[in-house]
Structure formats: C-alpha cells, structure tokens
Amino acid sequence: MITTLQKSLFFAMLAASVVMAAYLIRLRNRAEDRLQAQVAAAAPAAMGESAGNPNKVVTLYVPNDLDDSLTTVERNIPLPVDENAQARVLLENLIEAYRAPGATHPMSVATGINDVYFLAASEGRGQGGAGAGGQTAVVDLTGALAAAQPSGIEPETLTLLSMLATLHANLPRVTQVHFLVDGQSRETLAGHADLTRTYLAGDAERRPGAAGVGGAGR
Amino acid sequence: MRWIEAMAVGVAVAAGWWQQSPQAELPQAPAVPSMPTAAGPPGVQGPRFVVVVDAAHGGSDTGARIGGGILEKDITLGVSARLRSTLHAHGIDVVTTRQADTDVLPVSRGETANRAHGAACLIIHATATGSGVHLFTSSLSATGNTRFLPWQTAQSAYVTQSLKLESEIDSALAHAEIPVSLGRASVEPMDSMTCPEVAVEMAPLVGGHVTEARPVTDAIYQKSVVDAVTAALEQWRSDWKQ
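Chains L and Z are the protein sequences, given in the same order.
Counting in our numbering, the first sequence runs from 1 upward without gaps.
Counting in our numbering, the second sequence runs from 1 upward without gaps.
If you're looking for bench data, these hints aren't it; they were derived computationally from the structure.
Idealized CB from N, CA, C, for every residue including glycine.
There could be a bad hint or two in this list.
What the hints assert, rightly or not - Restraint-style ranges between C-beta atoms, simulated for each label pair: (1) Asp103/Z <-> Arg186/L: 43 to 49 angstroms; (2) Gly208/Z <-> Arg30/L: 56 to 62 angstroms; (3) Leu119/L <-> Ile220/Z: 49 to 55 angstroms; (4) Glu187/L <-> Gly69/Z: 21 to 27 angstroms; (5) Leu119/L <-> Ser60/Z: 31 to 37 angstroms; (6) Glu212/Z <-> Asn53/L: 50 to 56 angstroms; (7) Thr196/L <-> Gly69/Z: 45 to 51 angstroms; (8) Ala100/Z <-> Asn84/L: 27 to 33 angstroms; (9) Ala147/L <-> Gly69/Z: 16 to 22 angstroms; (10) Ala103/L <-> Thr211/Z: 20 to 26 angstroms; (11) Thr102/Z <-> Leu119/L: 39 to 45 angstroms; (12) Gly207/Z <-> Ser185/L: 52 to 58 angstroms.
Stated by the list, open to error - To give a feel for the contact side, a few chain Z residues facing chain L, derived at Cβ under 8 angstroms: (13) Gly63; (14) His125; (15) Asp218.
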C-alpha cells in the first residue's frame, strides 16, 4: 500500500531530478559555449596577437610550383611588438597565401605554426657557417602542415625556402632556422627535404628564382 | 683527395655495419677509392666511366603519392631501369643502388655510389607537383681539396663538378623541349656522395605552346627524359675529366 506521503515524496524527487537535469544541461551548454568561444579566439591566434598593434608593410616570399620560384608579395598587416609573435604572424600570413584560392603553391592547412622561438645563433651549426650576432629561429610546424605538404624535392624545398626568406626579409637578425614538427625533430618534411639540419636564412632570398634577385628556373 | 674518399667510405662501411645484426660479419674493408683524375699515369688506362643511378625510395619508403594509387618508388624504379638499359646500349657502364622494391638505407646508397667511383651519380625522384623536370644539386657550399670531410658533407668537394653536370643535363633537356627548373636542395643521400651528382625529379608536363600535357607515368615522356639524360651523359663522358 503506497501512502499519500510516499507518493508526494516520489513526485517531489522526480521533480527535483528533472530540475537538476535541466540545470546540468544548461551548465553543459554554457561550458560548451565558453569552450567554443576560446577555440574561436585561439584559431586566428596569430592574427589576434597582432590586433590593436600598428600596421606594418611586410614582405612575404610566396612559392610558385610551376616555375620553381619565389615571388615577393607585400602586405600591410598589424604586427605585434613581441618578436616571437611577429615571426608567427609572418609565417601564418605566408601559409594563408598557400591556402588562398588559385594559390601557386597550394596547401590546405588551417594552422601551420605551433610556435616560433629564438636562440642565439650557434657557430657552425648551419652548413656553410652563420653570420655573427644572428639569431636562430626554431620554427615548430604543425603535424597538419607536414601532412598537407605535397611530397617531392621541389614542393618541400619551396615551402622551407619561402619560410626562410620571409623570416629573414622581415626579421634580418634571423640568420639560421631550424624546423620541428609538433615539437619533435623529424628527418624530412614529407619524405624529401631534410629537417635534421639548420638552414641559413639569407640563402633563400639570394636563391636564383627569387623575385628581384635573379633569373627564374626555366 | 684520397683521404677524403677513404674517410667517407670508411664511415659509410662503419655505419652500414652498425645497422646490421651484431652477429653479422665485419664487411671486408673496401679498397681506398681514388678520385677520378684528369689523366691516368703514363701507360695506364684512364679511369672507367661509370654512372651510378639511384632509384629513390623503395620498400616501406613509398615516397610521394603521384595519383591514381601510383607511388613514387615504383616510378623511380621504372625510370632507373629504363635509364640503365639505354645507357648500356650506348656503351656506358651503370651501377644501380636498387633493382627491386626493397628498403635501401641512404647510407648504403652513398656507399654503393662511392665504391663505384661514379663519374656521374643520378638520383631519380618523381613528384605530382610542378611541371617538367626539376634538377637539384646539393645545397652544400663548394670546398676545395680539404684532407678530411665528414660523411655528411662529403659532396662539398664535388659541388663544382655537380653544377657542371647539372648544366649538361639542363641543356639536353632544353634541347628536347622539356621544361627544366634548377635548384639546390638538402636531400639524403646527396650530401654524402663523392661524385658529380644531380637529383632528377620528374614532374608532370603541363601543356603549353610547346609542350603537351603528360603525366609522370607517361611512357613517351619518360623516354624523352631518359634519352635527354643519356645524351647529356654521353657529352659528360667527353667532358668529365677536364
């Protein structure tokens, strides 16, 4: 025999459960909204880092797969004060050129750079020597960029050269660059270009085929 | 210069042995290779003209995916075999680093090339990107007659010759109306080879006013590249000693 008190207690508990469930769902939705807002803010982090900063004309070296050249493109973009953030913004803008419709070096990747940080250039690490007083930039590429990178000597070399030239043109103190992928050393970018070595940044700008520097490959 | 090559081969042998099982027998010490000289001693025949052909990738290293399920390792092997046959037909000795779909370590490729005393070393690659043929030489700076060179930079003593060889191949390909681009790259095992070397990367032919669009797998396209490279090597045979 179920008493009236028990019935009332049952319905009260049922109502409490429903209210609690509704409250939890609401909490979950709010947490999800907050998370999405954070992700949305982080996605264009490189661009966001520069928001509110004064604009500066920068030079990007955009590769062209068809004639194996680098073409200079000038952009007026807000650039952060911090040098690490500047390097990141520069490279993210370069990668934006890779994924633009009709790109001459197409690559569909959302975020290509995890981080860029600087070391004092170590003597003799780069093959061919390094300039005195320069900096070594360590560019941590994303695994997504390595996965999206077309495989081949030419496309991989062009990707690296465009990054080297862009960094050196806008941050002349960068004389050497070492590449990591997701924070780890890796043998090649996508099966060809050697990532175990440290590259001289200035060589890329002087490379035959770079716009305004010399004749392009035929 | 003998010391340079002796050291390079020594390191290669040691590295190759290290990769083998501990029970493996020590490899027989190779004869000290000599750098090709402009002229042999009086009364002695000059150095043999040998071309080393390295079909890049192989085995578990598939290389690029060219499209339609075709792998770079298969194209490089096919082009390498075709080039070997054509060069043989022109009386040129060929040493290949890979003749089947097997894994070959970069150090073993360098070791094979250096032991062969190649007058020219060609590293065959293929890609789905770009147009025509991409020729690459090592990105190392040219060095003179240094007594000792580390294995990783042994090619530096041959960079000048490599650029000349690249120029010969460039001319021959241009004569065959195949678009060419030239570059420097850092790709294994190029920097360890003690011979004039060029990496030949075939890309699809993009149709233009002179060229007809052809994929890398096209037999006619491959033949025209092989014929042009053979013509360049025939020219190189008369030039390489200078």
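To see whether the hints hold, each was checked on the structure:
1. Taking 43 to 49 angstroms as the suggested C-beta distance range, the pair Asp103/Z and Arg186/L does not conform, at roughly 19 angstroms.
2. Distance hint check for Gly208/Z and Arg30/L: the Cβ-Cβ separation is about 59 angstroms, which falls inside the suggested range of 56 to 62 angstroms.
3. Between Leu119/L and Ile220/Z the beta carbons are some 51 angstroms apart, a value that agrees with the proposed interval 49 to 55 angstroms.
4. Restraint check, Glu187/L to Gly69/Z: a C-beta distance of roughly 25 angstroms satisfies the suggested window 21 to 27 angstroms.
5. Against the hinted window of 31 to 37 angstroms, the Cβ-Cβ separation of Leu119/L and Ser60/Z comes to about 35 angstroms, which satisfies the hint.
6. A hinted range of 50 to 56 angstroms for the beta carbons of Glu212/Z and Asn53/L is consistent with their spacing of about 51 angstroms.
7. A C-beta distance of roughly 30 angstroms is found between Thr196/L and Gly69/Z, which places it outside the suggested range of 45 to 51 angstroms.
8. Between Ala100/Z and Asn84/L the Cβ separation comes to about 48 angstroms, which falls outside the hinted range of 27 to 33 angstroms.
9. Checked against the given bound of 16 to 22 angstroms, the beta carbons of Ala147/L and Gly69/Z, roughly 19 angstroms apart, stay inside it.
10. Our hint of 20 to 26 angstroms for Ala103/L and Thr211/Z holds, since their Cβ atoms are close to 23 angstroms apart.
11. For Thr102/Z paired with Leu119/L, a C-beta distance near 40 angstroms keeps the hint of 39 to 45 angstroms intact.
12. The given range of 52 to 58 angstroms is broken by Gly207/Z and Ser185/L, whose C-beta atoms sit roughly 41 angstroms from each other.
13. At a threshold of 8 angstroms, the smallest CB-CB gap from Gly63/Z to chain L is about 6 angstroms, leaving the interface hint in force.
14. Taking 8 angstroms as the C-beta contact cut-off toward chain L, the hint placing His125/Z at the interface holds, the least distance being around 6 angstroms.
15. Interface hint at Asp218/Z: violated, since its Cβ lies 17 angstroms from the closest Cβ of chain L, which is beyond the 8 angstroms cut-off.
Of the numbered hints given earlier, the model fails hints 1, 7, 8, 12, 15; all others are met.
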